[in-house]
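Student: Listed below are the residues making up each chain.
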Amino acid sequence: MQLLERIKGCLGGLIIDISEFHGDIAVEVDRFKIVEALTRLRDDESLSMNFLSDLFGLDNKAFYEKPKKKAKKGDAEGEEEEKPKELPPRFEVVYLLLSLKTNERMMVKIRVPEDDLEVSSVTSLYKAATWPEREAFDMFGIRFKGHPNLKRLLMWDDFPAYPLRKDYPLEGRGEERSLVYGD
Amino acid sequence: MADNKDNNSGVIKGPGWILTKLEWLINWGRKRSPWPFPYGTACCGIEMMATLASGYDMARFGAERVSFSPRQADILLEAGTITKKMVPVLRRIYDQMAEPKWVIAMGACACSGGVFRSYSTLQGIDKVIPVDVYIPGCPPRPEGLLYGLLKIIERIEKDHPLYKEAMKFKESEGGRICNF
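Sequences listed follow chains Y and X, in order.
Mapped onto numbering that gives the first Met the number 0, the consecutive letters of the first sequence carry residue numbers 0 to 182.
Mapped onto numbering that gives the first Met the number 0, the consecutive letters of the second sequence carry residue numbers 0 to 179.
The hints are simulated quantities; they were obtained by calculation from the structure and are not laboratory data.
Treat the hints with caution; some may be incorrect.
Unchecked claim - Each computed SDA-like pair below joins lysine to any residue, with the alpha-carbon atoms no more than 20 Å apart:
#: 1; chain 1: X; residue 1: Lys84; chain 2: Y; residue 2: Gly173
#: 2; chain 1: X; residue 1: Lys84; chain 2: Y; residue 2: Leu149
#: 3; chain 1: X; residue 1: Lys84; chain 2: Y; residue 2: Leu178
#: 4; chain 1: X; residue 1: Lys100; chain 2: X; residue 2: Gly39
#: 5; chain 1: X; residue 1: Lys84; chain 2: Y; residue 2: Phe158
#: 6; chain 1: X; residue 1: Lys84; chain 2: Y; residue 2: Tyr167
#: 7; chain 1: X; residue 1: Lys84; chain 2: Y; residue 2: Arg176
#: 8; chain 1: X; residue 1: Lys126; chain 2: Y; residue 2: Arg172
#: 9; chain 1: X; residue 1: Lys84; chain 2: Y; residue 2: Arg133
#: 10; chain 1: X; residue 1: Lys84; chain 2: Y; residue 2: Met138
#: 11; chain 1: Y; residue 1: Lys165; chain 2: X; residue 2: Ser117
#: 12; chain 1: X; residue 1: Lys84; chain 2: Y; residue 2: Gly171
#: 13; chain 1: X; residue 1: Lys84; chain 2: Y; residue 2: Glu170
#: 14; chain 1: X; residue 1: Lys84; chain 2: Y; residue 2: Trp155
#: 15; chain 1: Y; residue 1: Lys165; chain 2: X; residue 2: Arg116
#: 16; chain 1: X; residue 1: Lys84; chain 2: Y; residue 2: Met154
#: 17; chain 1: Y; residue 1: Lys7; chain 2: Y; residue 2: Arg30
#: 18; chain 1: X; residue 1: Lys126; chain 2: Y; residue 2: Gly171
#: 19; chain 1: X; residue 1: Lys84; chain 2: Y; residue 2: Asp157
#: 20; chain 1: Y; residue 1: Lys165; chain 2: X; residue 2: Ser119
#: 21; chain 1: X; residue 1: Lys84; chain 2: Y; residue 2: Arg151
#: 22; chain 1: X; residue 1: Lys84; chain 2: Y; residue 2: Glu134
#: 23; chain 1: Y; residue 1: Lys165; chain 2: Y; residue 2: Val93
#: 24; chain 1: X; residue 1: Lys84; chain 2: Y; residue 2: Leu169
#: 25; chain 1: X; residue 1: Lys84; chain 2: Y; residue 2: Ala160
#: 26; chain 1: Y; residue 1: Lys150; chain 2: X; residue 2: Met85
#: 27; chain 1: X; residue 1: Lys84; chain 2: Y; residue 2: Glu175
#: 28; chain 1: Y; residue 1: Lys150; chain 2: X; residue 2: Ser119
#: 29; chain 1: Y; residue 1: Lys150; chain 2: X; residue 2: Lys84
Unchecked claim - Every beta carbon over 12 Å from chain Y, so not counted as near; a handful from chain X, in silico:
#: 30; residue: Leu21
#: 31; residue: Arg29
#: 32; residue: Gly44
#: 33; residue: Met48
#: 34; residue: Ala49
#: 35; residue: Tyr55
#: 36; residue: Gln71
#: 37; residue: Tyr162
#: 38; residue: Ser171
Glycine included, each C-beta is placed from N, C-alpha and C at the ideal position.
From just these sequences and the hints, can you work out the full model?
Tutor: What follows is the structure in structure tokens.
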């Protein structure tokens with residue numbers, strides 16, 4: 000049976016959206032049910048996605064808010080209708096899974112809105128998630144509830160911003176000037 | 000110190016014969032043993048190792064022994080990218096080195112940040128410590144590093160360690176008490 004069918008059978012109603020692009024399957028689930036979804040994918044006999052190859056955050060701000068191309072003459076009415084469209088949640092957390100049994104890969108996504116950046120940690124399922132979750136916390140400020148040691152992974156502890164967010168300037172704001180040394 | 004004695008007697012106004020000969024002797028000693036502190040943080044570090052190894056043999060120019068303690072090193076050989084998180088470490092190593100000390104910034108990253116124009120990379124180590132010689136390249140060839148070392152040696156030759164000390168003394172409180 001195809002992977003897509005098996006995933007559909009395993010997750011059932013948890014799936015919000017499922018798509019396949021060039022053989023890569025991406026499943027979107029609700030952000031409050033990510034632990035349940037990953038538990039099912041891991042423990043399912045036919046899937047057994049028992050290896051978390053990566054976990055990362057995404058900021059879609061620039062993607063959603065990019066300026067629209069100039070409409071042709073006469074299309075002005077159509078453009079006005081598009082404007083009040085509500086933007087999807089700003090952040091995403093993506094889980095890349097691999098099955099060591101069948102050598103198949105898949106992607107699980109959750110969307111996280113900017114005003115509530117709390118997500119359940121999956122460290123209880125995959126120990127490999129500890130450092131990637133710390134990285135996502137470091138770079139985007141997404142807090143993982145239940146993580147054993149949620150500290151910054153790459154930047155220093157007192158770093159005041161989340162550098163991979165799209166509203167953060169590329170060259171930083173000169174935070175290193177407040178770095179102190181010696182003890 | 001000899002120079003102080005000379006200054007006290009009020010005979011010598013500029014760097015005199017004894018001072019210059021002594022300076023020549025000191026510089027002669029210093030330029031023949033510029034021990035580097037290898038601070039390789041990226042791919043430039045590999046090129047630095049090639050320069051130190053037998054093929055190019057940096058020991059020919061007096062860099063006989065790489066000093067893994069900053070307290071015994073003369074040259075801080077900074078080869079590679081410095082992230083902003085690493086700045087306190089670099090400053091600390093520089094401060095631990097005894098005078099006289101020189102700094103070589105090896106490679107594009109150490110000189111200017113290189114391709115890493117981002118929030119996490121220091122845009123050139125001269126933002127935090129003084130640099131004597133910049134070696135461009137990504138990474139520079141071993142010949143480039145040897146040329147940089149020779150430039151440092153030239154710099155050491157032209158240095159006036161005792162005269163500088165004498166001038167410092169002259170401007171200090173003790174120097175002002177003595178009449179010149």
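Student: Now tell me if each hint is right for this structure.
Tutor: Status of the hints after comparison with the structure:
The hinted pair formed by Lys84/X and Gly173/Y meets the criterion: a straight-line CA distance of about 12 Å does not exceed 20 Å. At most 20 Å may separate the alpha-carbon atoms for a hinted pair to count; Lys84/X and Leu149/Y meet this at roughly 19 Å. Taking the CA atoms of Lys84/X and Leu178/Y, the gap is about 8 Å. The hint holds against a cut of 20 Å. With a C-alpha separation of about 18 Å, the suggested pairing of Lys100/X with Gly39/X holds against the 20 Å cut-off.
A distance of roughly 10 Å separates the Cα atoms of Lys84/X and Phe158/Y; the hinted pair therefore holds under the 20 Å criterion. With a C-alpha separation of about 18 Å, the suggested pair Lys84/X and Tyr167/Y falls inside the 20 Å cut-off, and the hint holds. Between Lys84/X and Arg176/Y the CA atoms are separated by roughly 11 Å; this keeps the pair inside 20 Å, and the hint holds. Our distance criterion of 20 Å between C-alpha atoms is met by Lys126/X and Arg172/Y, whose separation comes to about 15 Å.
For the proposed pair Lys84/X and Arg133/Y, the alpha carbon gap of about 17 Å is at most 20 Å, so the pair holds. Restraint check: the Cα-Cα separation between Lys84/X and Met138/Y comes to about 15 Å, which is no more than 20 Å; the hinted pair holds. Proposed proximity of Lys165/Y and Ser117/X is supported: the alpha carbons are some 13 Å apart, at most 20 Å. For the hint linking Lys84/X to Gly171/Y, the alpha-carbon distance of about 13 Å falls within 20 Å, and the restraint holds.
In summary, the hint linking Lys84/X to Glu170/Y is supported, as the alpha carbons are separated by about 14 Å, within the 20 Å threshold. Distance check on the hinted pair: Lys84/X and Trp155/Y sit about 6 Å apart at the alpha-carbon level, within 20 Å; holds. Only pairs whose Cα atoms come within 20 Å are accepted, and Lys165/Y paired with Arg116/X is accepted, the gap being roughly 16 Å. A threshold of 20 Å between alpha carbons decides the hint, and for Lys84/X with Met154/Y the separation of about 7 Å falls inside it, so the pair holds.
Among the hinted pairs, Lys7/Y with Arg30/Y is consistent with the structure: their alpha-carbon atoms are about 18 Å apart, no more than 20 Å. At roughly 15 Å between alpha-carbon atoms, Lys126/X and Gly171/Y fall within 20 Å of each other, so this suggested pair holds. Distance check on the hinted pair: Lys84/X and Asp157/Y sit about 11 Å apart at the alpha-carbon level, within 20 Å; holds. Distance hint between Lys165/Y and Ser119/X is fulfilled; the C-alpha atoms sit about 15 Å from each other, no more than 20 Å.
In summary, the hint linking Lys84/X to Arg151/Y is supported, as the alpha carbons are separated by about 12 Å, within the 20 Å threshold. Of the pairs offered as hints, the one joining Lys84/X and Glu134/Y holds, with about 15 Å between alpha carbons and a cut-off of 20 Å not exceeded. Note on Lys165/Y and Val93/Y: the hinted pairing holds, with a Cα-Cα distance of about 17 Å set against a maximum of 20 Å. A hinted pair counts as satisfied when its Cα atoms are at most 20 Å apart, and Lys84/X with Leu169/Y qualifies at roughly 16 Å.
Between the alpha carbons of Lys84/X and Ala160/Y the distance comes to roughly 14 Å, so the proposed pair stays at or under 20 Å and holds. Between the alpha carbons of Lys150/Y and Met85/X the distance comes to roughly 18 Å, so the proposed pair stays at or under 20 Å and holds. Of the supplied pair hints, the one linking Lys84/X and Glu175/Y holds, its CA atoms being roughly 8 Å apart against a limit of 20 Å. With a C-alpha separation of about 17 Å, the suggested pair Lys150/Y and Ser119/X falls inside the 20 Å cut-off, and the hint holds.
For the hint pairing Lys150/Y with Lys84/X, the CA-to-CA distance comes to about 15 Å; that is within 20 Å, so the pair holds. Residue placement check: Leu21/X keeps its beta carbon more than 12 Å from all beta carbons of chain Y (closest about 36 Å). Against the 12 Å criterion, Arg29/X stays outside the reach of chain Y, whose nearest CB is about 29 Å from its own CB. Every Cβ of chain Y is farther than 12 Å from the Cβ of Gly44/X; the closest lies at roughly 21 Å, confirming the non-interface assignment.
At roughly 27 Å, the least C-beta separation between Met48/X and chain Y is larger than 12 Å, which holds for a residue marked as non-interface. No beta-carbon of chain Y comes within 12 Å of the beta-carbon of Ala49/X; the shortest separation is about 30 Å. Every beta carbon of chain Y lies more than 12 Å from that of Tyr55/X, the smallest distance being close to 34 Å; the non-interface claim holds. Every Cβ of chain Y is farther than 12 Å from the Cβ of Gln71/X; the closest lies at roughly 21 Å, confirming the non-interface assignment.
The Cβ of Tyr162/X lies farther than 12 Å from every Cβ of chain Y, with a closest approach of about 33 Å, so its non-interface assignment holds. For Ser171/X, the condition that its CB be more than 12 Å from all CB atoms of chain Y holds, with the nearest at approximately 27 Å.
Going down the numbered hints, you'll see the structure goes against none, and every one checks out.
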